[in-house]
Structures are given as C-alpha cells and as structure tokens.
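Each chain, letter by letter, is given below.
Number of protein chains: 2
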Amino acid sequence: MVDRIGNPNLRSKIMPADDAAAKIVPGMTVGMSGFTGAGYPKQVPLALAAMIEAAHLRGEYFKLKVLTGASTAPELDGALAKAGGIDFRLPYQSDPELRARINRGEIEYMDIHLGQVAQYAWFGFLGKLDMAVIEVSAILEDGRLVPSTSVGNNKTWLDLADQVIIEVNAAQPIGLDGMHDIYYGTALPPNRKPIPLVRPGDRIGEPYLRVDPSKVVAVVETQAPDRLGHFAPVDEASRRIAEHLVEFFRHEIRQGRLGPNLLPLQSGVGNIANAVLSGLRSGGFEGLTGFTEVIQDGMLDLIRTDTIQMVSATALSLSPEGVKEFAQNIDHYRSRIVLRPQEMSNHAELIRRLGCLAINGMVEADIYGNVNSTHVAGTSIINGIGGSGDFARNSFLSCFVTPSTAKNGAISCIVPMASHVDHTEHDVAIVVTEQGLADLRGLSPKQRARVIIDNCAHPEYRPLLEDYFLRACRDSRGKHTPHLLNEALAWHERFLLKGDMRA
Amino acid sequence: MVDRIGNPNLRSKIMPADDAAAKIVPGMTVGMSGFTGAGYPKQVPLALAAMIEAAHLRGEYFKLKVLTGASTAPELDGALAKAGGIDFRLPYQSDPELRARINRGEIEYMDIHLGQVAQYAWFGFLGKLDMAVIEVSAILEDGRLVPSTSVGNNKTWLDLADQVIIEVNAAQPIGLDGMHDIYYGTALPPNRKPIPLVRPGDRIGEPYLRVDPSKVVAVVETQAPDRLGHFAPVDEASRRIAEHLVEFFRHEIRQGRLGPNLLPLQSGVGNIANAVLSGLRSGGFEGLTGFTEVIQDGMLDLIRTDTIQMVSATALSLSPEGVKEFAQNIDHYRSRIVLRPQEMSNHAELIRRLGCLAINGMVEADIYGNVNSTHVAGTSIINGIGGSGDFARNSFLSCFVTPSTAKNGAISCIVPMASHVDHTEHDVAIVVTEQGLADLRGLSPKQRARVIIDNCAHPEYRPLLEDYFLRACRDSRGKHTPHLLNEALAWHERFLLKGDMRA
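Here the protein sequences line up with chains R and V, keeping their order.
Mapping of the first sequence onto this note's numbering: position 77 corresponds to residue 77, and the numbering continues sequentially without gaps.
Mapping of the second sequence onto this note's numbering: position 184 corresponds to residue 184, and the numbering continues sequentially without gaps.
Certain hints may be false.
Claimed, not checked - Calculated cross-link-like contacts (lysine-lysine; reagent style BS3-like; alpha-carbon spacing at most 30 Å):
| no. | chain 1 | residue 1 | chain 2 | residue 2 |
| --- | --- | --- | --- | --- |
| 1 | V | K446 | R | K82 |
| 2 | R | K407 | V | K446 |
| 3 | R | K446 | V | K193 |
Said to hold, decoys possible - From the structure, some residues in chain R lie toward chain V, with a derived Cβ separation under 7 Å:
| no. | residue |
| --- | --- |
| 4 | N7 |
| 5 | R101 |
| 6 | Q309 |
| 7 | T481 |
Bear in mind the hints are in silico, worked out from the structure with no lab data behind them.
Keep in mind the model is a prediction, meaning the values are calculated, not measured.
The C-beta atom is built at its ideal place from N, Cα and C for all residues, glycine as well.
The following block holds chain R by itself, in its conformation from the complex:
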C-alpha cells in the first residue's frame, strides 16, 4: 500500500488508527470527511469511539462537536453517537442511532444548507476547528492529496483545522485521480470575485487538495469500501412520479420554455430521485447534463448510456453494483464527471446561473405549496435539509416529489398546513405525487391549493382537503391564505395520537 503515499514526510507520520485517534481530546471541534456515505474516514472514528467509551467507563467527560460534509456511515456517526461522544452535530445526518439520540434531545443538531457550511466556517460562525479527519485515495510525492469518493467540505476542514489526520484508503479506485476539481479562488467578502464556471463540466480549479504538512499529526492506512446501501427496485409510485415529470418536461419543450437538452439536472438523494433519472432515460432524452450533489446509480446509468454528457457533483453514492460498474469503466466516467467541493456543487451563484432543474424529495407539502423536507409532525428530524434549499431557491424550476401517502395510507403527504417549513410558498414551483403534477408557477395561494388538491392528493384524502379548504375560504379571518388555525395542524396531532391522519 506504500505506493499510495508518495510524500516521504507524510509517510513518516503513518501510525495505527488508535494512535491517531488519541490526538483527539475532549471538547474538540472535529471536521470529518464524508458525504452521503462516501469518502468518510473508516478507522479513526471507530478507534475514537472506543476511546470515548473507555473514558466514559472511567467516568470522564468526552464529547465532541462533529462537522462533516453530509451523512456518513455507521462507522462514523453510528459509532460516535452510540459511544455518547457527540455533543453537537452539523450539517446533515442519516444514521439511525444518531437520529434517535437527536430526537430524544441528547444531541444538539444544526440543520444548515449544505452549500453554506464552508462559508460559515470561514466567516468564523462555527467556532474554531481543532482537528480535521479526512479520507483521501492517495498522497502525491509533493504532498498534495488525491480526494476520495466525496469532496464535501474537505478543502475547508484541511485549510481551517489546527491539526489534520489523513486516512489513505487503498480500496478507493486509483483512477479517481483527475476526476476532482478543487476551486481555490474563494475569498471572504469584500474580496470575492465571480466564480468562472458557465457549464456543469467546467474545470476551474485543481485536481488535488492542498494541506500544510506541518499540521498533519497522523496518517492512517485503510482499505475498506464505502458502506453503501442497495437501491430499492423502482416501485409503482416512483415510476408514476417519474412519468409525470417526464411528461411535464416534454410539455415545457413543446411550449418553448425548455430546450431539447433540458437544463442541468439536480436530483436529490434516494429511491424516488433515482427512479426519476431512470424515467428520463427511457423518456428518450439526449445530451443532458447534471449539476447536482450526489451521483447515484440512476445518474451513473444515464452517463453509461450517454444520455447524460457531463455531471458535476460533490460525491458518488453508489450501490455495490454501481461501485463495480464505476471502477470497471472509470476512464469513461472520469471524462464525464467532475467532483467539486460542496460549496461549489451547491453554490447559489452557480445554480442560479446554470438554471438547474431541481428535483427533490420531501416529507409533505401543504395545500399552499409550503414544503417540509425534514420533520415528522413538526418535531422529529429525519435527515436534514441537505442541498434542497440551495437548489430550490436558485434553480430554473424547483420541483418537489413524494408519494401522496406514507405508512400504508395513514399519512397524507399533502396536508392543510405543513408542520415545519423548509421551503416556503415562494420557492416551490412544481409538486408531484404518483397522482399527478401541480404546476404552481404564477399562481396565488388559493389557486395553488386548487391544483395541489386536485392533482396531487390521494383520492382518500382529497375530500378531506377539499373540505378544509372550502371551510377555510369561508371562515378564515384573512382570505389570502385561508386557514382555520385550530384545525391547521390537527391532522398531525391525530397521527401522533392515533397513528392515522384520517379521523
């Protein structure tokens, strides 16, 4: 494995994960690599978790503030949460153990737009960063780092941290070299300049991460794959959502509002988003591009078949089969994929300029088009807003997709009032369920309610929504956004009390 570490100085800092983890002390703020289960450090967090558990057994305090790119894996978030080692976490998570502790009130979690984390750190809004723990796929002779399967906030953590631990993962394909584009042109206001990117595939930076070698306190050799799940087979609801969206894009082309190659696609993480991409493939589209956060199997498939010509992202999040396909044809993929820091993949300036077609999942939408992406019944966090806000507000079209019901029909994903708002009425253009598509562009709240109820609600809930809306139009004090405040959240209360939103 020594050939992965070409720099003699950094090679001299190779040590076991336990020794590296011992550099981390209670109270530190630690920035780790990792985005949607890709490119997270594989060994140091596990060693750290063991160390924390031992300290807790001795009755000692040991908690950390943990910052990442986005979600990681059981070996990082799961292990540290289980050890009781996380005091505060941002910006996104999806580990069951961590989520449970956040929702029991044991861990403080800050949900923040993924595209804004880096600048908030640079502004000094997140406090001092003591340590960075970053997975890379190799270290060059001159000390520069070949990034791994995600870039995330690694540039920022490496630049800002007082000390750095590097994990070199020999299981990551060596062919990743050259796929990344690390932009070093950022600055603090008032010294910022335009970011010179006008096409999703533009390379505006360098393929490698820089690190001040004097800050590196440990290098750890690992050889472990990213822990990635399989995608569910495309179900009927996802297939129909994809069909509605594809038909809508075709309609927009006929109306002259979209060109035949569409605009750069952004697609959220998950099975529905994956299905929508599959739908685009069978929809006969060509010459597409992507400007998105994460490349999942559906996107990889579009690249493989040349449906998509170029994709910008910050992470690969592939199934085991996807990983194999990717590794086997990595030269092809390297010519079609650019992996960037998440401050670039999710940058307001770039998303606005490129005019993305943003397609994101959600928990629920209300009849006026407010979208909840994060909370169950207003109080329990699921994963976080991720990049959906970065894209929703700045895209050409902001689309939100969900099956019309959840929990076998016990939950309607179209509700009178969203129990938590992550995307306001001002930022939601298109809502799609398996029932149909609501085009909210240019509509007032009451006009939006009409199309959302008629087109998106499940038939079982449609009369209930209709009833609420009509009574609200009659009895609401203000009739711009009619609501009955004593009923607006009753569906969620009912679900909490009886396990079913239906009366």
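Got chain R sorted already, so can you dock chain V onto it with the hints?
The following block gives chain V in isolation, referenced to the frame of chain R:
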C-alpha cells in the same frame, strides 16, 4: 416640457392620458413601473381606472393582471383596486384598498421574491405581457429613456411587452440622468455568464433604458411628484433596536469577523430600518457601502454625511424633505448612488458575492428562529416578502428586527410557532427586538429557543414562552424541535378571538 422628449418619432406619439389608457383592453397583462412609491406612472392608471369604472357601470367585464416592480401609490394600486380592475397582482403591494380586497378574497395576489420576478417573466412563467406602462424622466434624441426615481422591472417590461406606453414626468429631477446602470448582459440559461460586479458601485451597464420605438403606442406628459410618506420620528423601540445592532457590529469587528467598514448594508423599507441607519451614523462608522433595494431618508443622510461612500439600489423612497435635499444636491448623490434593475439590486449571485449585512423587519419570529414577514395570524397578507428573502438567504449576516410586541402589547412578536414562514430556521442568523439581540449562528433549535426567549421576548410574554418551551421539551414527541401541536398556534387563535395573545 417638450425638451424632455428629444426623439421626434416618440414626440409624435404624445397624447392625453385618456387616449393612452384606451389602448389597454380587458384581460390584458400589464407591466407597470413603480417601486415603493417611486417612479410609478401618474396619469394613465387613473385614466384607466375611470375607464374600468365606466365599463363596469355598463355591465362590461374589465379586469387586468397587473405586474409592477413593488408597491406603487394610491394613483395606481388604490385607483385600480377601487375600480375593481385588478384580477391578479404581483409581486408586492402596500396600498390599503388593494390589501383589503386581497384579504377579502376578491383579488388573487402572488407574493414572490422581488429579485426573481424578471427572470420568471423571461422564462415565460408569468404568461404573455401585453402592455408596459413606464414612467421615465426624459427621452433622449436617439429614443433611449432616462429612467425615473425607480428602475424596478422596467427593463424587462419594456423588452417583453407587445406594446408600450411611456409617461414622461417633468417633475422628476433632470439630474437623475447618469445615476442609473441598466445591465443588458442577462441571458436565459444555459447561456448565462457571470455578472461582472464586485463592488456595490460598479457600473456594468448603460445609464439608459432601451425601447423598440415601433412598440410605443403612446407617450404621455406628466408633471407630478412621487406620492411619498413622511417617516415617523425614531421611537424608543427603534432606537434601542438600532443600538443593539450597532453594538453587535462593534462586537463582530472586535472578534475580527467584520472589518471597520463593515460590509455592504441592505436595509428593508420602513421606520425601524430607517432608525437603524441613523444609529449607524451616530455609531461612528465610516467608509460604509450599501447594496440594497431602496434608498430612504436614513440612507440619504448617511450619504450626505459621507458615512456611506457608495450605495446601489433600485429605487429612491424619500420623504418630501428627502426629495428636496436630494434634488438640491443631486450632483453629490449621483456620484454616490447607482440605481439598477431590481433583478440586479436583489440578485442572489451579487448578494452572495458581496456578503451583505441584511437588516429586515418582520411580523414575528418563533422561538426556533422561523420568521414570518408577510401574514397576520397566518391568513391576511400585509405587503409581501419583498426583497427580504433575496437578501436573507444570500447575505453574510441575515438580521431580522421588530419591536417585541405590537398593538399595545396585545401581540407578542416572538411566538411559539410562526403562523406563516417566509424565512426558515436555516436562513435567520440574528433576531433583534428592543429587548435585545439573539445571535443564532451555529445553534441547534433548542439552543436558539433559549437565546430568543431570554434576549428578545417582552418580559410580559417571556414566562409564557418559557412555559411553552419547557412543556414542549418535556412532552413533545420529537425533541429536536419540541412543539405541542395543539398549542403551537393557540396564541394566534386567542388574538383572533379576543384581540389579545395573553390568555
């Protein structure tokens, strides 16, 4: 007045307002000039309103879709609303007659980010634009137009409308010539380029608006001042809000997070924002800049005293005294003010790049930092979101200010759950009332609740909020964002039923 109309072709189209208004027929979509009571057409809308009233008396249908820059004045929104001539309105309004009809459900109103109106029109999302009615201060010999006291969406309306009516207002100072910067470098995706602006005062366009003369169906001569209100004297609450903010900025300078010249200021419209600007003047700051929507008296005063060196905006919204001061020293102000289209003054790319300090008023914030800028008790619109969303999400610091109570204490502006969300928890960094300032940066929801209740709530409401929060922390199903759904909106219900949020 003939010297204001230098182009012979357009001079040949001069006609009375009645004749010009007669070019507008029922069902048209009309884009009008006007932003915060400045630069709206003075005669054609009044003539149009009379025409509509006459048609209605004859039993004929006559309604229009009316688009503007932002709010206008009684001569436009008031007259057309009273005549029953508005079917649909966007993007912002503040006229009492219009607002009342919207809240009675008689007029459909779409509340949309001011920085996104132009691109939505260009995208084709707002339908075909039949007519533009635009006030200018002069027409050059070559037919180009010297803009008036606001630019707003005038460039877009002039470019997109099938027909154009121009009002030339001889009451606007001729010295406005040269103060505007109309950027003609916009494009539709995928052909957009970086906007080459890196300082608030950069001039990247032309001082004049272009119009295809063959589309001009009428030119109307007017001589009437903008209808602008006086500012209330700075009251105690506003003065204390300003003090808290100024002290906070000083603290940020001491911490090294802001430089001595701060960053470009954005300040919302209204008396509190005006007071904050006065506070900055007495706070001893120098070399400031502004990148904002509207220049009010407080900003003018900062320019007059050289506290502010350069301001970018899309409109002047001055009191009668401010208008006089502005006209008398217009050469000085022209060297310090750039008036741009609102798609530039409020552009996500530029606000993010410049790193604005955004200071906007609000209706209410909830304990978790969600902000309602638009609705009374969730249902009645006040004015609209304006540019607050454009700035809140993209600024260096997003600050929201309000007195802690309204209606003589009957309303708490800090509530358990916002009755409408315009700015989500992810987009609110600083909340200020006369009671104090809550710095929400880097905090989880429960940590935010603590500082908002402790620092911002009125002492009379603090124990009630404290009680709600503690019970929610105990009894809420999820404890990430603790809420009691059956109580969360009870304060608003109580206000609607009893006129007082207190039990």
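Can you list which hints this structure breaks, lowest number first? Of the numbered hints, 3, 4, 5 and 6 do not hold.
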